[in-house]
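Asks: Next come the chains, spelled out residue by residue.
2 protein chains.
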Amino acid sequence: LLGVAASATAQNADQLPSWNDGKAKQSIVAFVERVTAEGAAGFVPEAERVAVFDNDGTLWGEQPLYFQLLFALDRVKAMAPQHPEWKDKEPFASLLKGDVKAALAGGEPAIVDIIMTTHSGMTTEEFDQIVRTWITTAKHPKTGRLYTQMVYQPMLELLSYLRANGFKTFIVSGGGIDFMRPWTEKVYGIPPEQVVGSSGKTKFEMRDGTPVLMRLPEINFIDDKAGKPVGVHHHIGRRPIAAFGNSDGDLQMLQWTCSGPGPHFCLYVHHTDADREWAYDRDSSIGRLDKGLDEAGIMSWTVVDMKADWNKVFTSEP
Amino acid sequence: LLGVAASATAQNADQLPSWNDGKAKQSIVAFVERVTAEGAAGFVPEAERVAVFDNDGTLWGEQPLYFQLLFALDRVKAMAPQHPEWKDKEPFASLLKGDVKAALAGGEPAIVDIIMTTHSGMTTEEFDQIVRTWITTAKHPKTGRLYTQMVYQPMLELLSYLRANGFKTFIVSGGGIDFMRPWTEKVYGIPPEQVVGSSGKTKFEMRDGTPVLMRLPEINFIDDKAGKPVGVHHHIGRRPIAAFGNSDGDLQMLQWTCSGPGPHFCLYVHHTDADREWAYDRDSSIGRLDKGLDEAGIMSWTVVDMKADWNKVFTSEP
Ligand SMILES: [Ca+2]
Ligand SMILES: [Ca+2]
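Top to bottom, those sequences are chains Z and F. According to the numbering used here, the stretch in the first sequence is residues 1 to 318, in order. According to the numbering used here, the stretch in the second sequence is residues 1 to 318, in order.
Bear in mind the hints are in silico, worked out from the structure with no lab data behind them. No residue lacks a Cβ here, since even glycine has one placed at the ideal position from N, Cα and C. Hints may be right or wrong, so weigh each one.
For the chain F half of the interface with chain Z, some residues (derived, Cβ under 10 Å), not all of them [stated by the list, open to error]:
#1 Glu205
#2 Pro211
#3 Gly237
#4 Gln252
#5 Trp256
Listed next, the stretches of chain F that the computed footprint assigns to chain Z, with coverage defined by at least 3 CB atoms under 8 Å from CB atoms of chain Z [said to hold, decoys possible]:
#6 176 to 183
#7 188 to 197
Below, simulated EDC-like cross-link-like pairs (lysine to aspartate or glutamate); rule was C-alpha separation at most 16 Å, straight line [said to hold, decoys possible]:
#8 Lys225(Z) - Glu205(F)
#9 Lys142(F) - Asp275(F)
#10 Lys225(F) - Asp88(Z)
Using the sequences and the hints given, assemble the complete structure.
Replies: Put into structure tokens, the structure is as follows:
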């Protein structure tokens, strides 16, 4: 019997080849084996094996700016010929001069302005097409790679490993739900109906006799911080048993997941590898991990040290 | 080859034993065979086989009042001892005297008041438990049966038939999302994450050091009429290829589904059987089917004549 268990462990471990053997990998495998062991005390029926993943900084990179913001900046440039008035209007004027820093100096209102302007005013299907074109052509400013090549290989393996063990995997991101859906199925194996995110309002209307959903310049829901468990409940309707994040924006989702009555698993990805990726945590304006790191220590959540735990970072690396 | 096709048709038809052979049943089977025929022009990959179902009047009864409203009325009675002030406050005073008609004379504001009062002020898990208790014990005022026994047998068969053919089945209801989720998996085989409905706002907070989601007395989303395609897009993120409803409240969802670029199927359940169920359409205040019936004629959507098309109505019948 011990032999069988050991062999099952070895087999499971093989499904995570980009993870170095260490506490993080061991804790993942131990959890999965616990909840899938039929007849044992920790067994969780398949229908309840819900795992939720943050996206930016957890499944793909998020530096030097959230990729969706880089998308929005590209959109501003593409839309500029139709908007001569932007020449004298911030934050667009600075953006068009190439001064991103000055444009974003306006803080959240400037960002909301850029997002609303670039993400509304078209049908849902038109926006879908705009995202599809961008995601298959735009290149990251530092690495020169497609953004989908900056997905973390170890996390892809983890998604597959969980699904192979009967988990349903969801994205729960502060990013835009409709910015992610056009490509998450192909890239992560996560279908649109399992993507939760921030959203603007949409409106059903007839356009030349054809029904369309128009994207309005109005916030519907912000899926971040205390909004994450709300988004999880609204979309999924049951409490996850495993949650994966990388910042304080995920803290409440991890708290919600890991205060459930049965077995549960919470994990933070800690960006510690300035050579292969980026190193940042408590003082970063993007993906700040401060309170979450303290809570992880108190609650004994798993913390992935990217530098030590991952032998490969991006899918696009050899 | 013709023999094989005919035999496949016969086999599929057998999965709908409560449906009499007629145009409605034939149109369902023809659609399913079309989208599942690999290599043929109408083939739809499994991931895109999304079917959406209205609930009240489509999957279970809705007379003499929406069952969720009957739930709310039961809750008012249960909560009354803690609310002595309701003695003098409408619509509660009339309800507690047993005069439902007088209570509902206040129209929509009275109904919203009753729903908000009975559906908020507790955690999501407390509400879940309240619904579970009610759904397994409360009896319908006319039939004396459990409400889950007033589910339509032909529609259960249809759900199973679609799933057996690779469809993912969703509920898209004007009813409360959290009122349905506690029992839809067991009764319909539809898990919580595939239920779309109306909702109130919830708020994440710590209660005695434990995270909870509190239900607030505030509307979040009304999943009815033009809200249905919006709810479909928000939760599912792709356009369904099949939609099933019974009232004008479903019209926009059917329009959205049946204006898609590929094969699509729209069906209205028409309540025509006053003996076995209820007969109502254009003039009913509950489940009004007026514009929808006209549109179904114009668009050649399938209309089920309950009396003629179903040889069995409720699951609880012999
Ligand atoms: Ca993040
Ligand atoms: Ca209905």
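Asks: So, for every hint listed, does it hold in this structure?
Replies: Here is how each hint holds up against the structure:
no.	hint	in the structure
1	Glu205	holds, 8 Å
2	Pro211	holds, 5 Å
3	Gly237	holds, 3 Å
4	Gln252	holds, 5 Å
5	Trp256	holds, 5 Å
6	176 to 183	holds (count 3)
7	188 to 197	holds (count 5)
8	Lys225(Z) - Glu205(F)	holds, 11 Å
9	Lys142(F) - Asp275(F)	holds, 13 Å
10	Lys225(F) - Asp88(Z)	violated, 42 Å
The earlier numbered hint that this structure contradicts is number 10, and it is the only one.
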